[in-house]
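Trainee: Next come the chains, spelled out residue by residue.
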Amino acid sequence: MDLRWTDEDERFRTELRAWIDQALPKLPPETKREDWDARRERDTTWQRMLYDAGYAGINWPSEFGGRGASLSEQLVFYEEITKAGAPNVGVNFVGLLHAGPTLIAEATEEQRSRHLPAILKGEEVWCQGFSEPNAGSDLASLRTRAVRDGDDYVITGQKIWTSFAQVSDYCELLVRSDPEAPKHKGITWLIMPMDLPGVDVRPLKTVLGSSEFSELYLDEVRVPVANRVGPENDGWRVAMVTFSFERGTSLVSEMVEARRQLDELAEVAKVVERGRGTAWDDTGLRREIGHAAAELDALWNLVKRTVSEAARTGVPGVGASVVKLYYSELIQRIGDLAMRVLDRASLSLDDVYDHSGHFVEERLRVLALTIAAGSSQIQRNIIGERILGLPR
Amino acid sequence: MDFTLNDDQVALQDGVRKMCEGLFPMDRVRQLADVGGVDRALWRELAEAGVFSLRLPENEGGAGLGMAEAALVFEELGRALVPGPLVWTHLAASVILGAADGDRVVGGLERQEEPFLVEFPDAIDVLLAVDDDGLWEVDRSRLSARPVSWPLDPLTPVNVAGGLLRGERRGVPGDAMRWQLEGAVLTAAFMLGMSAVLTERSVEYAKERQQFDKPIGSFQAIKHLLADMFVRTEVARSAVYAAAVNLDEPSLGPPARAVAGAKLMAGEAADLNAKTATQVHGGMGFTWEVDVHLYLKRAWVLDTQFGTGDSHADTVAGLLGA
Chain A
15 MDLRWTDEDE
25 RFRTELRAWI
35 DQALPKLPPE
45 TKREDWDARR
55 ERDTTWQRML
65 YDAGYAGINW
75 PSEFGGRGAS
85 LSEQLVFYEE
95 ITKAGAPNVG
105 VNFVGLLHAG
115 PTLIAEATEE
125 QRSRHLPAIL
135 KGEEVWCQGF
145 SEPNAGSDLA
155 SLRTRAVRDG
165 DDYVITGQKI
175 WTSFAQVSDY
185 CELLVRSDPE
195 APKHKGITWL
205 IMPMDLPGVD
215 VRPLKTVLGS
225 SEFSELYLDE
235 VRVPVANRVG
245 PENDGWRVAM
255 VTFSFERGTS
265 LVSEMVEARR
275 QLDELAEVAK
285 VVERGRGTAW
295 DDTGLRREIG
305 HAAAELDALW
315 NLVKRTVSEA
325 ARTGVPGVGA
335 SVVKLYYSEL
345 IQRIGDLAMR
355 VLDRASLSLD
365 DVYDHSGHFV
375 EERLRVLALT
385 IAAGSSQIQR
395 NIIGERILGL
405 PR
Chain B
3 MDFTLNDDQV
13 ALQDGVRKMC
23 EGLFPMDRVR
33 QLADVGGVDR
43 ALWRELAEAG
53 VFSLRLPENE
63 GGAGLGMAEA
73 ALVFEELGRA
83 LVPGPLVWTH
93 LAASVILGAA
103 DGDRVVGGLE
113 RQEEPFLVEF
123 PDAIDVLLAV
133 DDDGLWEVDR
143 SRLSARPVSW
153 PLDPLTPVNV
163 AGGLLRGERR
173 GVPGDAMRWQ
183 LEGAVLTAAF
193 MLGMSAVLTE
203 RSVEYAKERQ
213 QFDKPIGSFQ
223 AIKHLLADMF
233 VRTEVARSAV
243 YAAAVNLDEP
253 SLGPPARAVA
263 GAKLMAGEAA
273 DLNAKTATQV
283 HGGMGFTWEV
293 DVHLYLKRAW
303 VLDTQFGTGD
313 SHADTVAGLL
323 GA
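Chains A and B, in that order, give the protein sequences. Start counting the first sequence at 15; every next residue gets the next number (the working numbering). Start counting the second sequence at 3; every next residue gets the next number (the working numbering).
So that you can see chain B by itself, here it is in the shape it has in the complex (with noise of 0.2 Å):
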């Protein structure tokens, strides 16, 4: 047992967040929202850095790595609060022509409840469904949709759709339970990656931020919310690796109760590390200009994909003393 990152998985990270940062700059990503979320030049660089091809064998043009890799690489991802299907796009590589290439986006939906909201609606090439019988490819003519001109997360744009989901078949039951468990760790990591900046971003403002002639990072006050968003984001981050470790190494386990802890436990703290961040932005806090809105808003879409907080404490309940 070595639950430390290795040489490997450290360059991995470094790499991936200087691509980030270089890529997606806060402006850049704002600038999105204009484009429906995607630009496609953008997002073949993320193909070509391997976001989407990551777990594809070598001999298929993949890196051959694991969850535990593609964990990482979506932390940092998340991070840089990158729109787009992200998620999507790289549970689709196997299974649609040209996702791990860039070439299609690939979006997904993995609710049944009508009104479906299909998120990226004029961004993406191809939207998958996924059920309890299998994957499937949805035929779009055959959805009623209208379009949202107001969207919660201005980088997650939507419309409300209705009609049939299942088109053509991608996958089998196997698959469909497969991708519900990356997809949940991999938004995980996601948000993982939103609650260490956003714990950063507050620290440091409220080292700079004065009031009473002193930073307000010295007032208890202040610098015990900060403690909570740090262990908030290292207890999330134990279980979101564990549960990615989980996913490559059966030995190990079934992977369904450490993956509805990671998703649960993420999907709390990027909730309460964003709220607790527009409180220690103060007024601030509460303007569009300070970026905080976005990672709360995106937070709060997250929550929603592969299972809300609430189901997956249901799942963890049920597999008590299992």
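So here's chain A without its partners, still in its complex pose (with noise of 0.2 Å):
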């Protein structure tokens, strides 16, 4: 067991932090929520820069344009990307973490070198078109129908919770290509390009109050059979290369995120009037502030383990079900303790204090941690069945 970050990966931290140094006043500046346009602009102009600097698909193999950077690397990116304060992936999330490791591990060459370095280079973004509005948990009862049609898929439904559907070229689309197969075996993976004729977005307000997710309706749509990743009705497999990767590494810099807003929060509660002296006199509040401190620090050495056993064994370990679960409802308590400390102050979400507002927008984000990506309760039966052993 060791701890040390090596030579080489406090040399690859001190360049890091050299470059975001010079590079983050060169970006636009942070832009309203529900400016999509300005946002894509933004985050696309980002990804640009990481590319043009070798930082872009930190994750990704070398051989696909990727920095190929050891775990450790990328925990140290992570790291330094979140405490500088510069942009997390925001609408390249699906294209960087999810639809791009599933063309490196499934896709053709041709699918791979027409779609890889736009999405490194911040060129294109993607969405998620995966879940339902009869298929959430149970995800493989989707019902969005492939017909073939010639060399063309014809496809008729309608997906929820496309993230950044307003703003992306394509969706990585599970679709029902054979409706009398058992529900796991009749789905296919497709490409589908956004600004195909019957592609319809309707964003989705959300509790708050913006639309970071779309409704997508889909009215024969035609997407060609090229466009297909995998063999047919194979989709549920291919989908479960990403589900492993979207809990494998998406909460890291998410993690490093709350350890410094847990900070903040202990500045915070140390202005905030409270009686005679402050919310940080408050014993009982500052223990709790302390007791999810060190759950925090205890999930991120967590995370490390996770991180350490899939470079020894290249997969991503039981740990990242552990981890999610975890993160998720921890995060939602720090939200309720911020908001203790905050007391009248969380009427806002405009800053009363420094921050405050923040941490009430924060609040209500976080409320969708337990639910997407597989809820809490689905990621129980997972540790119980598959790593406990339990019947079904």
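None of these hints come from the bench; they were simulated from the model. Some hints could be false.
Said to hold, decoys possible - Facing chain A, according to a computed beta carbon distance under 10 Å, are these residues of chain B, among others: (1) 164; (2) 215; (3) 262; (4) 299; (5) 303; (6) 311; (7) 318.
Since the model is a prediction, treat every value here as computed from it, not as a measurement. Quick reminder that beta carbons are idealized off the backbone N, C-alpha and C, glycines included.
Bring the two chains, given one by one in their own frames, into a single complex with the hints.
Mentor: Printed below as a string of structure tokens:
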């Protein structure tokens, strides 16, 4: 068990820090939450800057244009990016963390060369068309139909919870290609261009009052058979490749950010007046903040264990489900704590104290984390059945 | 960075587990309640296996290993629920003659508030005390002590004592601080082992026990309890191993926050896993016959040692942003 960063890790950190320091001021300022074109512009500009500096696709193998960084370098990367307040993947989330890795694992040479460089350069934005109104936790029951017609699949149906759909160029789409087969065996994974006739994007307003997600209505959309990834009716397996990535690395920057926020919460607590002192003088509240920090520290160390095991065995280990489950519930409790620190200031998403609005917004945003990407209940089933071997 | 066990550590873990399975099957552990918690012959076997001398330099008869290895050993002792003042005797190996080779059983106290509850009063040869000013060998003739006929944990006999804790000096304040940290991590490791074995035994039980014509482990209400036991164990494991490594490797920074987090997380995992195990075992979980209560009671005892969960949460809060 060795937790020291290697000399290469430290060199990488120093270089990266220097690059971020000079790159960040060149980036356009943060935009309004609902200005989707501006958000795309900012996130893809940053992605292009990363690409030019050789940091794009930090987790992608170098033969596919990625950085091919070691897992410890990836942790350093997420740490430094987050600490500096540089953009996270943003609208490039699906391309970099879901679709890209799936294409690397399963796509043809032609599909890879067409899309992978474009994703890395920030030229292509992807969204995910998996969930449907009647296929959430039971994703394999999805019903969006694909009927083969010559060289095309003709697709009709409805998708939901599609992140960044309004600014996406492509969609990783799961469709029902064989309605007769058992539900896991009749699904196909397609690359769907978002500008095809019959694709209708309707933004979905969330509890945040903004539209990170959309509904996707598909009416006889013709997707070429050449856009299929993996064999016909083998899409469930292809999709599972994506999920292992989703649970493996996507929470790392969230977690670094959460640790920073907890430090910030302690600072806010020291200025929020409470009785004759501040919120920080409330021993009960302070103790709970300390408790949450200890949990977050432990979880960060679990990430390091999981990453180390993955480096040894080549696959994301069982730690991924554990991290996802624990983190999403912990961050909600931290959100509750922040509200108790802020007290009446929690009534405002505009700042009452420094950054107080951000805590209120986060409290709402993280409600999604125990639901998205496998709800907490599904994670507990996975842990119970696949890790502990309990009967279904 | 490679936060996995190396081959030597895996071998050590296997070796200690086999030793514990041989020396401390549960029926024998239970019998130790009748002899004050310590059987001298078994204690010497532990010493011979290096449990106490592990971190002494090789020229002093030790194995020259670090806290990471010691934590792995104590995790195994916790799995087997071995009773006795294991942590204190291990800490005392370099200070008290005879501790390392099992000739003298060393107990200790790190709480200054009277009355003191001294553990294993009839089994220990030496009683140490730790405070901010150093390590002390307590002159037990200057303590007033009254026996306790009904200890919470049948495997942790206690008496109630008052009087002067400071006797002969055995260490400086720096030693005392180090002992507090090391004691917390070793206790946490012990509780980690308890948490893991509680999970395993509850899972086994839930696979066998049938109600409504099905194993109860097939019901999500039970399955999710068991999943949470596993999750708590793995989160605690990460905290405990990281704290142990941090104590071995000063370049990782001051260890206080990691140590406090480890004791807090492992303490909660042991407590909650033992309670959950009681629930999963149903009515049998409330019986003396099933072992779960012995784990639960030990978890409650150990929470009071080397800092309670509350005190460690306060420590972490105080170090936030530092």
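Trainee: Could you run down the list of hints and mark each one as holding or not?
Mentor: Verification of the hints:
Because the closest C-beta pair between residue 164 of chain B and chain A is about 29 Å apart, greater than 10 Å, the hint is violated. Of the supplied interface hints, the one on residue 215 of chain B is violated, with its beta-carbon coming no nearer than about 12 Å to a beta-carbon of chain A, more than 10 Å. Annotation: interface hint on residue 262 of chain B holds; nearest CB of chain A at approximately 7 Å, less than 10 Å. Below 10 Å, beta-carbon pairs count as interface contacts, and residue 299 of chain B has none with chain A, the closest being about 24 Å; its hint is therefore violated.
About 21 Å separates the beta-carbon of residue 303 of chain B from the nearest beta-carbon of chain A, more than 10 Å, and the hint is not met. Contact between residue 311 of chain B and chain A, as hinted, is supported at the beta carbon level, the nearest pair being about 8 Å apart and thus within 10 Å. Annotation: interface hint on residue 318 of chain B holds; nearest CB of chain A at approximately 4 Å, less than 10 Å.
This entry does not satisfy hints 1, 2, 4, 5, going by the numbered hints stated previously.
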